[in-house]
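Visitor: Input sequences plus hints: build the corresponding full structure.
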Amino acid sequence: MDDLKTMWAEVPVADRQDLAPARARLLNGMHGARHGRAGVRREEAGTRHGEAGVRRGRASVRFAVAGGLAAALAVGFVVVQVVADPAPASAQDLLARAARTAAAEPDLNPRADQVVHTVARDRSAIFAAPDASGEPVRMQDEVREAWSPADSSGAFMLRQGDQITLMKLCSESFDRKRRTTYADLASWPTDVASLRERVRQAAAAHPAEPHLRMSYTLQNLIDKSVVRPSLRASLFALISEMEGVTVKPSMTDALGRAGVGVRTAEGTTLIFEPETYRYLGYAEENRNGHVIASHALETVELLDRLPKEKVTFTEPGCIPA
Amino acid sequence: MTITREVDQSDDATLIQESLRDPELFAALFDRHAPLLHRYAVRRLGPDAAEDVVADTFLAAFKHRDRYDRSRPDARPWLYGIASNVIGKRKRSELNLYQAYVRSGVHPGVPPVEDGVNTLAVNRPLAAALLKLKRADRDVLLLVAWAELTYEEVARALDIPVGTVRSRLNRARTKIRETLGDV
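Chains as they are written, first to last, in my numbering: chain H, 1 to 321; chain S, 322 to 504.
What the hints contain is simulated information worked out from the structure, not anything from laboratory work.
Incorrect hints may appear among the rest.
List time: in silico DSSO-like cross-link candidates among lysine-lysine, alpha-carbon distance up to 27 Å [claimed, not checked]: (1) S:K412 / H:K5; (2) S:K410 / S:K496; (3) S:K384 / H:K5; (4) S:K496 / H:K5; (5) S:K455 / H:K308; (6) S:K410 / H:K5.
Guide: Encoded structure:
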């Protein structure tokens, strides 16, 4: 019996990182049960596979924002830690925490024939001055619901207010390069060194001013990586390497949620949930430090096809979204 | 952020009871017991399946938490009982793991050790012996040896009388002795 007790006793006790996927599945299952859904939704940047919902190979995987799950994360975190972590000592520290949170989330990995459905809130500042300087006169909110083919080959549908527009995505981006699609992200490396090189190559071809190329490329990839949080984790590591990143301790995203931010030298601030460091969205500032635009993603889900909606307008040609 | 020190210090039964009102509190039960349950699952099925075993165990526990016997402050027997059922559905994986170990001497969840030769000399025959046990006997044996449950706790986990635990344990030990010659 003693030999049996020591057999494979070298197996280590699992730590938080080991258990994060299973914990995420539990939280999502709890959330799905609480809301009486058969499908499992995902809080943006917090994919949770759940018993009652996502099964591997299931055709449709639903995800959505909900305060309850955020609360679940917070409660669980407190119970483990009891004493909350101290505030991040630096932008690098904050991004490292955000990377750990993102890395714990399972990837969606859409198939090429699937549709990525997103609901986002965009908040824009209206300025009196034509150069958008000074203080904004007011803020304007817009809900943007999009159904995007994972590989860009099918129709793209967009709901803005009462209008639903159907269009095609261009296979090439504005710089005549093949667009990076949601489906493409599965092939991007997550080890930071390889990713750094891949991002540099992509940034080199970006038509923006040279000093902005890296930042724009990273932001684009962070947005798109809603379907691949493991990649987003490594992208945060690259952001932390950029010169001039600073902590913005008090931010509000486009949904009005309080957050902490990491501001790049170019004026983009990534906003994170202050307790879990879950990515919420981003904000842009003008040269006077006023937020001129912010973006928050509410929902991301995979669908097998476009929903049947009454299209109010069909855009000719294609857009380089 | 609400500090839940009271919950953290509560026994499992209280936590489960409270989770009926506030489901998110059930995550605290996971944080308390998942690390060792995961280790148990790794030993039985390997690391790849362990994550699923842990997730499925706690999801099933959450689903049926209203049936939990509140007179039991320690939920380990309940959780390991559920885990035994989950593992039982993967019987083939467990046997494959033992067979692979007997062949290769490598358990995928065990880091290499310096005295690997001696460890192999002991563990290989044991793995071969575990292969020959009935599932019910193996469950009892490993809940005692690896999960470190008492006989009474194993009885509660598997919903069998303590006498049955003793008889299954004896049968398992006898079978292993027969296989090894001596343990």
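Visitor: If a hint holds in the structure, say so; if it does not, say that too.
Guide: Results for each hint:
1. Restraint check for S:K412 and H:K5: the C-alpha separation of about 21 Å stays at or below 27 Å, so the hint holds.
2. With a C-alpha separation of about 23 Å, the suggested pairing of S:K410 with S:K496 holds against the 27 Å cut-off.
3. For a cut-off of 27 Å, the pair hint linking S:K384 to H:K5 is broken: about 32 Å separates their Cα positions.
4. As the CA atoms of S:K496 and H:K5 are separated by approximately 17 Å, the hinted pair is consistent with the 27 Å bound.
5. For the hint linking S:K455 to H:K308, the alpha-carbon distance of about 54 Å lies beyond 27 Å, and the restraint is violated.
6. Straight-line distance between C-alpha atoms of S:K410 and H:K5 comes to about 24 Å, which keeps the hinted pair within the 27 Å bound.
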